[in-house]
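Q: Model the full assembly from the supplied sequences, consistent with the hints where possible.
The opening position of the sequence shown corresponds to residue 1 in this note's numbering, with each subsequent residue numbered one higher.
A portion of the hints provided could be inaccurate.
Simulated crosslink set (DSBU-like; lysine-lysine; CA at most 30 Å straight-line) [to be verified]:
#1 K15 x K62
#2 K79 x K62
#3 K2 x K79
#4 K62 x K22
#5 K79 x K45
Each pair of labels, with its calculated beta carbon distance range [what the hints assert, rightly or not]:
#6 A8 x R90: 16 to 26 Å
#7 V35 x R9: 17 to 27 Å
#8 E3 x I78: 15 to 25 Å
#9 H4 x T92: 24 to 34 Å
#10 V11 x E65: 32 to 42 Å
Treat the hints as calculated values from the structure; they're not laboratory data.
Keep in mind that this is a model prediction, so the values were computed, not measured.
Virtual Cβ for every residue (Gly too), placed ideally from N, Cα, C.
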Amino acid sequence: TKEHILLARQVGVPKIVVFLNKCDILPDEEILELVEMEVREFLTKYDYPGNETPIIRGSALKALEGDAHYSNQVNELIKTLDTYIEDPFRETDK
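A: Below, the structure written as structure tokens:
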């Protein structure tokens, strides 16, 4: 949600990955594209790289129910988190 993006910026989260959930109930591709465009604009407004931020479309419920397509989308989310988000530096890493 917009509140999550704003909160992430306020607490200094440098990068985020967006998962557009419940895409199974919005089968219209044009609406999904509009939602994604709005999310990218909001990311840019709060100084995230809106055009480069990964946005994965999916359905957590359908993935839990075993739908192969949506399970693959959750796997894509996990891979994206592993590659796009760097491990944080911790004082114990000195």
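Q: Confirm or reject each hint.
A: Now the hints, each set against the structure:
no., hint, result
1, K15 x K62, "holds (27 Å)"
2, K79 x K62, "holds (19 Å)"
3, K2 x K79, "holds (24 Å)"
4, K62 x K22, "holds (9 Å)"
5, K79 x K45, "holds (26 Å)"
6, A8 x R90: 16 to 26 Å, "holds (19 Å)"
7, V35 x R9: 17 to 27 Å, "holds (20 Å)"
8, E3 x I78: 15 to 25 Å, "holds (24 Å)"
9, H4 x T92: 24 to 34 Å, "holds (28 Å)"
10, V11 x E65: 32 to 42 Å, "holds (34 Å)"
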